[in-house]
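S.K.: One letter stands for each residue in the lines below.
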Amino acid sequence: MLQARKILTPAEVTPEIINDLTIQAATVNGSGSQTANLVLTRAIFHMGIPVAPKNVFPSNIEGLPTWYQLRVTPEGHTARSDKVDILIAFNVVTWHQDLKTVRPGGVVIHEEAFSTADARTDVNYYPVPFSKLAKTKILNDTLRKQLANMIYVGVVAGLLGIPWEALEHGVKRQFLSKPKAVQVNLDAIKVGFDYWQDNFSKKDAYRLAPMTGVVDGKVLVEGNQAAALGALMGGVTVVAWYPITPSSSLCENLIAYSERFRNDPATGARLISVVQAEDELAAVGMAIGAGWAGARSMTSTSGPGISLMAEFAGLAYYAEVPVVIFDIQRIGPSTGLPTRTSQADVGFAYTLSHGDTKHIVLLPGTVEECYEHGRDAFDYADRFQTPVFVLSDLDLGMNLWMTPEFKYPDKPFDRGKVLSKADLERLAGDWGRYADVDGDGIPYRTLPGTDHPAAGYFTRGSGHDEHARYTESADAYVRNMDRLTKKLETARHELPAPVVDESAKSLIGLIAFGSTHAAVLEARETLAAAGRPVDYLRLRALPLSDEVAAFISRHEKVYVVEQNRDGQVYDLIRLALPAELVGRVRSIRHYNGQPIPAVAISDPLLQLEAVPA
Amino acid sequence: MSVTLNRIGLTRDAYKGAATTLCAGCGHNSITNHMIKALYELGVEPHRLAKMSGIGCSSKTPAYFVETAHGFNGVHGRMPALTTGAHLANRELLMLGVSGDGDTASIGLGQFMHMIRRNIDCTYIIEDNGTYGLTKGQFSATADLGSVQKKGAVNTFQPIDPCAVALTLGCSFVARSFSGDGKQVVPLIKAALAHRGTAILDIISPCVTFNDHDGSTKSYSWVKDHEESIADVSFIPFFEEVQVDYEPGTIRDVELHDGSHILLKKLGEDHDPSDRRAAMRVIEEGRAAGQLVTGLLYLDTEMQDFATTEHIPDRPLKDLGEAELRMTKEQFARFMSEFA
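Read top to bottom, the protein sequences are chains G and L. Per the numbering used here, residue 1 is the first one in the first sequence, and the count goes up by one each step. Per the numbering used here, residue 614 is the first one in the second sequence, and the count goes up by one each step.
Derived from the structure by calculation, the hints contain no laboratory data. All C-beta atoms, glycine included, are put in the ideal place defined by N, C-alpha and C. Be a bit skeptical, because a hint or two may be false.
As the list claims (entries may be wrong) - Chain G is nowhere near these chain L residues, computed Cβ spacing over 12 Å in every case:
hint, residue
1, VAL616
2, THR634
3, GLY656
4, SER666
5, MET726
6, HIS727
7, SER847
Stated by the list, open to error - Straight-line alpha carbon distances no greater than 30 Å define the calculated DSSO-like cross-link-like pairs of lysine-lysine that follow:
hint, chain 1, residue 1, chain 2, residue 2
8, L, LYS942, G, LYS178
9, G, LYS417, G, LYS178
10, G, LYS180, G, LYS100
11, G, LYS135, G, LYS180
12, G, LYS218, G, LYS137
13, L, LYS650, G, LYS417
14, G, LYS100, G, LYS202
15, G, LYS83, G, LYS218
16, G, LYS218, L, LYS629
17, G, LYS172, L, LYS942
18, L, LYS942, G, LYS421
19, G, LYS178, G, LYS202
20, L, LYS650, G, LYS407
21, G, LYS411, L, LYS629
22, G, LYS178, G, LYS145
23, G, LYS83, G, LYS137
24, L, LYS629, G, LYS417
25, G, LYS421, L, LYS650
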């Protein structure tokens with residue numbers, strides 16, 4: 001085990017703190033700082049050190065403050081840290097505010113010109129004349145603004161002992177598609193690196209040292225990249241979308257991957273159609289039209305977009321049309337905080353649309369699951385002939401996460417119950433689109449274009465009977481709605497089961513889902529170390545598995561942790577529980593738009609579940 | 614009784630649907646019959662037809678023709694989105710959208726415009742009666758300024774003319790007709806179906822219950838009295854030869870993508886359907902003269918449709934399998950290693 005944290009003051013003789021620190025770069029949006037931050041991230045990751053970057057960016061193209069938090073831990077914690085060890089202060093507007101966030105004994109690398117008149121005395125300053133260096137040492141006029149950010153990468157490398165070879169790797173990896181840019185960026189990093197060597201001697205305790213073991217075989221992937229790859233491997237052929245943060249990069253990645261892997265070299269044909277729609281209503285409508293006609297189809301959206309899709313979601317539910325809808329959640333209500341993370345769409349998505357509506361919702365908790373759920377969602381949609389929502393969020397979707405490489409799919413597509421011409425001949429044309437032949441609530445369908453006189457049927461969002469005929473019959477309506485309930489009940493048993501870890505053998509349990517997973521993993525370590533180990537159930541789909549009630553029945557108290565104000569999943573769980581278990585369930589909520597840190601779980605639990613004296 | 618079969622061996626009855634539930638005398642029922650005639654005479658294979666619609670009286674009509682074809686009665690104003698998706702999933706389908714003026718000019722105006730902008734290969738028929746029938750007679754956005762509602766209210770708003778909107782957007786096929794003018798509607802439907810691209814056919818279709826009174830500009834009598842056809846339209850399908858005797862200079866002959874021909878016989882002033890500005894002028898002049906100008910207003914057979922521009926293969930995307938859609942194991946492994 002590597003060295004534990006200590007709070008330091010410059011006056012103390014400081015033991016080294018190795019590979020356990022959080023860097024916060026406070027920069028200006030649109031200045032190219034994200035590239036510098038990613039180079040730094042990739043360089044450190046290349047040293048075998050676990051990284052967990054979080055980009056906190058404004059809804060703005062250029063000029064507003066932005067922060068990038070790069071957390072490094074020897075254990076590989078990936079939740080957000082609420083402490084800053086090393087501040088890179090590059091933005092004069094937030095300088096005084098940023099300075100307050102640094103822990104005592106921490107490091108402040110700042111533009112030399114920033115005023116330090118009333119500055120703190122319990123941190124270590126390394127003033128660097130960034131603007132002057134950029135003006136005198138960076139000769140490329142057009143790229144000077146962007147390259148100036150690279151100077152701080154060099155300073156941090158000098159400060160923490162990042163080897164040049166790792167920096168080279170970071171730059172090359174970041175500029176994979178622009179190899180020409182590699183040298184100018186390395187030159188800019190060298191400016192900062194040399195400035196460190198020539199001007200500073202180390203006053204602080206932080207250092208990075210190459211590691212082996214924890215990140216071996218791992219890669220860095222954003223959830224939206226993973227979901228795009230999942231959709232590609234899931235066989236999507238019709239994609240309709242409307243740009244919205246934080247979901248846009250999902251479809252943009254999918255377009256980029258399709259250009260590489262979906263072009264038929266023989267004919268020049270594209271084996272996928274991507275439409276940038278006029279709005280989210282059209283986007284989901286196109287996806288539903290394609291699903292109806294038999295293609296694997298999807299849309300991807302966030303926040304306001306999911307609200308606009310409500311009417312069409314009800315049509316697809318009631319008319320039983322397969323479609324996959326990715327919702328990369330951001331903070332609402334309304335426009336909310338468009339570039340901040342949240343898990344507050346879950347309750348809405350689950351019952352999206354008017355009337356009695358209920359949907360399959362997948363809840364990926366890792367980028368690997370963004371890939372797997374993104375892929376398997378198409379099987380579920382086809383199998384259950386219904387919309388499938390994949391609920392990711394900004395934290396999962398737009399940040400890089402360490403992950404084992406994804407697995408190649410080991411099974412073919414499940415296209416569900418589709419009657420072919422031969423099937424219809426065998427049945428002598430005797431079939432009903434909405435008849436429950438197999439007793440599982442899932443009917444059979446035919447696709448337009450099936451060359452049989454009995455293939456055609458009329459799909460409608462109005463009342464229909466087993467043969468898809470218009471009806472306002474009370475009995476037919478109830479029969480159909482009850483079959484839809486049965487269908488979802490069938491699905492409930494086939495969706496990804498919760499992941500249960502009862503190794504703590506505790507009477508206290510946690511339930512969480514989605515990106516909250518990272519914070520739960522770390523909180524459990526903290527709690528165990530404090531003598532309060534807790535068990536854990538990670539939910540991966542709605543409707544709720546029976547495992548949830550079983551887990552609660554085996555524990556005295558179960559805390560549902562989620563990133564929304566109202567405890568939406570806490571409510572869903574209580575509604576589903578037998579009365580005698582309801583009182584066991586408690587709620588922990590985090591909803592300020594920042595990814596939940598582990599302490600938001602461990603602190604309240606340590607308080608509420610204090611070990612008896 | 615002898616039964617006449619069309620070129621694929623089907624009777625006219627094979628193109629019929631369920632009994633209509635619209636009011637007796639509704640213009641939409643006439644259009645349904647025109648569609649049955651057009652589809653029968655063209656010899657459209659029922660299984661290749663996809664009947665799409667939104668919400669409203671007009672949108673119910675796909676149930677009333679070609680019962681054996683697939684149909685999709687979606688949500689209000691969103692027929693274009695469903696049609697776009699279904700078309701992209703399977704380019705072999707013949708997309709036939711039926712919509713109303715509420716669908717097209719109000720709730721779904723955006724989708725109408727964007728479908729045109731993309732030039733999605735489909736026929737879009739507007740059964741246009743200037744009123745909301747199912748909700749009992751409110752004005753729609755196509756009602757003319759000064760047109761009078763059944764209970765006497767006068768429309769004070771400018772109408773949205775779907776043909777003028779379509780022309781502005783560069784629609785590749787724009788026509789207007791009247792439900793009572795089968796001689797014109799049937800060849801226009803055939804031409805629209807043969808055209809590759811978005812074909813807009815605005816058919817004035819009187820609502821006998823709520824908008825067929827004096828003072829309405831969408832009543833049978835008003836339209837009959839004020840219809841001004843710009844040319845006689847006839848349609849020669851690709852499987853028939855063009856055999857028409859005509860004096861030179863009296864007929865325009867336009868060949869469509871599939872080898873079919875539209876023949877336009879001059880009536881009065883000559884209208885060139887390849888001239889978009891002339892089409893706008895004809896509409897405006899007709900309006901100023903208090904007339905309803907009907908016929909093929911504009912046709913561009915050169916414009917590429919969306920699927921062609923996007924290099925979507927002729928083979929339906931829905932039929933592609935794992936081998937075509939997934940990376941190989943080797944590609945996948947190489948791709949994953951790029952994230953290191």
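S.K.: Are the hints correct? Go through all of them and say.
M.R.: A quick look at each hint next to the structure:
no.: 1; hint: VAL616; verdict: 17 Å, holds
no.: 2; hint: THR634; verdict: 8 Å, violated
no.: 3; hint: GLY656; verdict: 15 Å, holds
no.: 4; hint: SER666; verdict: 9 Å, violated
no.: 5; hint: MET726; verdict: 8 Å, violated
no.: 6; hint: HIS727; verdict: 4 Å, violated
no.: 7; hint: SER847; verdict: 31 Å, holds
no.: 8; hint: L:LYS942 <-> G:LYS178; verdict: 27 Å, holds
no.: 9; hint: G:LYS417 <-> G:LYS178; verdict: 47 Å, violated
no.: 10; hint: G:LYS180 <-> G:LYS100; verdict: 40 Å, violated
no.: 11; hint: G:LYS135 <-> G:LYS180; verdict: 22 Å, holds
no.: 12; hint: G:LYS218 <-> G:LYS137; verdict: 37 Å, violated
no.: 13; hint: L:LYS650 <-> G:LYS417; verdict: 35 Å, violated
no.: 14; hint: G:LYS100 <-> G:LYS202; verdict: 22 Å, holds
no.: 15; hint: G:LYS83 <-> G:LYS218; verdict: 26 Å, holds
no.: 16; hint: G:LYS218 <-> L:LYS629; verdict: 62 Å, violated
no.: 17; hint: G:LYS172 <-> L:LYS942; verdict: 26 Å, holds
no.: 18; hint: L:LYS942 <-> G:LYS421; verdict: 33 Å, violated
no.: 19; hint: G:LYS178 <-> G:LYS202; verdict: 35 Å, violated
no.: 20; hint: L:LYS650 <-> G:LYS407; verdict: 55 Å, violated
no.: 21; hint: G:LYS411 <-> L:LYS629; verdict: 44 Å, violated
no.: 22; hint: G:LYS178 <-> G:LYS145; verdict: 18 Å, holds
no.: 23; hint: G:LYS83 <-> G:LYS137; verdict: 34 Å, violated
no.: 24; hint: L:LYS629 <-> G:LYS417; verdict: 29 Å, holds
no.: 25; hint: G:LYS421 <-> L:LYS650; verdict: 27 Å, holds
Hints 2, 4, 5, 6, 9, 10, 12, 13, 16, 18, 19, 20, 21 and 23 from the earlier list are contradicted by this structure; the remaining hints agree with it.
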